[in-house]
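All chains, please: the whole structure from these sequences, using the hints.
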Amino acid sequence: MSYVSHNGAELRKILETIGIASPDEVFASIPEALRYGSPLAVGGPEDEESLRRDLAFHPSRVTFTGGGIHRHYIPAVVDAIASRQEFSTAYTPYQPEISQGTLQAVFEYQSMMAGLTGMEISNASMYDGATALAEAALMALRGKGIERIAVTRSTQPTYRSVLATYLAHTGQDGIREIPFDPKTGRVDLRALEESVSPDTALFVQSPNYFGVIEPMEQIAEIASHKAGFWGVVITEALSLGVLTPPGAFGPDVVLGEAQSFGNPVNAGGPLLGFLCTRKEHARRMPGRVAGLSKDSEGRQAFCLTLSTREQHIRREKATSNICTNQGLCALRAAVYLSAMGPRGLREAALQCAAGARYLMGLLGDRGIRPIFSGPVFNEFVIPMDEGKRAGLEKNGIVPGIPLAGWYPEIGRAVLTTVTEMNTQEECRCLADNV
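Numbering (this note's numbering), first residue to last: 192 to 625.
In short, the hints are calculated from the structure, not lab data.
Even for Gly, the Cβ is constructed at its ideal location relative to N, Cα and C.
Treat the hints with care, since some could be wrong.
[Said to hold, decoys possible] Estimated spans, in silico, between C-beta atoms of each pair: (1) Met-612 <-> Gly-489: 18 to 24 Å; (2) Pro-287 <-> Gly-555: 55 to 61 Å; (3) Pro-436 <-> Arg-244: 46 to 52 Å; (4) Ser-352 <-> Val-589: 20 to 26 Å; (5) Ser-487 <-> Gly-235: 55 to 61 Å.
[Claimed, not checked] With a straight-line cut-off of 20 Å between C-alpha atoms, the simulated DMTMM-like cross-links for lysine to aspartate or glutamate are: (6) Lys-585 <-> Glu-617; (7) Lys-417 <-> Glu-384; (8) Lys-470 <-> Glu-299; (9) Lys-585 <-> Glu-616; (10) Lys-204 <-> Asp-215; (11) Lys-417 <-> Glu-368; (12) Lys-585 <-> Asp-623; (13) Lys-204 <-> Glu-216; (14) Lys-417 <-> Asp-379; (15) Lys-485 <-> Glu-299; (16) Lys-417 <-> Glu-385; (17) Lys-374 <-> Glu-207; (18) Lys-585 <-> Glu-299; (19) Lys-485 <-> Glu-288; (20) Lys-579 <-> Glu-617.
See the structure below:
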């Protein structure tokens, strides 16, 4: 039976068959320092009714968290279509003749993402925004003359951590971090200009991790003349509904997290990375691309146009070892964007921006103002010590993500996020208790 634990007799038979005495031997190659030695701090099993009862009595929380995973409205049609077994059980469309529905869904997703970002081509999806950034850096390094990677310090910190992991064994002499202006929260343009050169690939997040919208025109002016390759990182995809498409500034790649498009927060995953680029970089792009073609009888047909991944070609020739990627999450994004349409997407984005300004006004009336003066979309940083944050959470209010661990130079502060799911009553609740 699926998902039923092995009993003692079965476990002994498995160990005997593979020739080991203990399950610990399976993990012998993992250093002791990296192993979690104690039992996990979780309770015992519960029956369905007990679990329902526990969840029903779980106190509701007023939450203002974001930072790369955002709670947005999801039309019912998204679940209705994504839960159809033709999609939910489908695997890689190796046989296009029997996978036209899946391939068309991927094609539509790619078309919409390329249009939203203002780029020429999108791949079929990435695992998440962090790996999309790392793969974009590897993509840049595959180009001629690129030897260094530079990234703004205001880029999502876990993205930078994953990037460092990916580049650890590529011969890179570290990643150059470009500081931010402590007053505005925007990138330090002078430091940016001094940090890039023709052998550098530059990555800038906007809106950045502090929610601040970067001066993209000025950044583009510097990057286009001094950097050998540059990209824009986006962690709140809904901002594409109102901000100028990043492709308008001329980057080589636009990448990030598209979880906001029809995917729930899911306790942190799965997520939906996206990567869009110019046609000239198509063969260096990771993953795969679905394209529109014709069959032997001249009829419209969808197929995998590019598949430069290690499952399709020789490993040493592959651009990436990404596997089936996030096909179902990409489908959800395609259905969401189709259901919302341009006007609906813009309206949702405007509601996010309006909600953030409403909360900022309420907090300002109580003497609490954002740490940074730069313009924001739907996220901003406010001062808050750990005691106050813990007290709010104890009362069912999550004010945001604490930043001291990632940005000690900012001090005690939280990143507060407002989406269209936060009501004015919830905003007043936070402001009255902060």
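Next item on the list: With a cut-off of 20 Å on the C-alpha distance, tell me whether Lys-585 and Glu-617 pass.
Entry: 16 Å, holds
Check: Holds or violated: Lys-204 with Asp-215, Cα cutoff 20 Å?
Finding: 15 Å, holds
Item checked: Range agreement (Cβ of Arg-244 with Cβ of Pro-436, hint 46 to 52 Å) -> Once the Cβ atoms are compared, 48 Å apart, the range 46 to 52 Å for Arg-244 and Pro-436 holds.
Check: Is 55 to 61 Å a correct range for the gap between the Cβ atoms of Pro-287 and Gly-555?
Finding: Once the Cβ atoms are compared, 57 Å apart, the range 55 to 61 Å for Gly-555 and Pro-287 holds.
Notebook entry, point to check: Between Lys-417 and Glu-368, is the straight-line Cα distance small enough, at 20 Å or below?
Noted result: It holds: about 16 Å lies between the C-alpha atoms, which stays within 20 Å.
Next item on the list: Below or equal to 20 Å on CA atoms is what counts here, so check Lys-374 against Glu-207.
Entry: Violated, because 64 Å separates the two Cα atoms, which is more than 20 Å.
Next item on the list: Measure nothing beyond the straight line between the CA atoms of Lys-470 and Glu-299; if it is 20 Å or shorter, mark the hint as holding.
Entry: Distance ~18 Å between Lys-470 and Glu-299 Cα, so the pair holds.
Notebook entry, point to check: If you draw a straight line from the CA of Lys-585 to the CA of Asp-623, is it 20 Å or shorter?
Noted result: Roughly 15 Å between the alpha carbons, so the hint for Lys-585 and Asp-623 holds.
Next item on the list: Verify the proposed pairing of Lys-485 with Glu-299, using a straight-line Cα cut of 20 Å.
Entry: At roughly 17 Å apart (the allowed maximum being 20 Å), Glu-299 and Lys-485 satisfy the hint.
Next item on the list: Decide if the proposed pair is consistent with the structure: Lys-417 and Asp-379, CA atoms, cutoff 20 Å inclusive.
Entry: With a Cα-Cα distance of about 16 Å, the restraint between Lys-417 and Asp-379 holds, given a limit of 20 Å.
Next item on the list: For the pair we were handed, Lys-417 and Glu-384, check the Cα-Cα distance against 20 Å.
Entry: 8 Å, holds
Check: Is it true that the CA of Lys-585 sits at most 20 Å from the CA of Glu-616?
Finding: Cα-Cα ~19 Å, so holds.
Violated hints, in rising order: 1, 17 and 18; the structure is consistent with all others.
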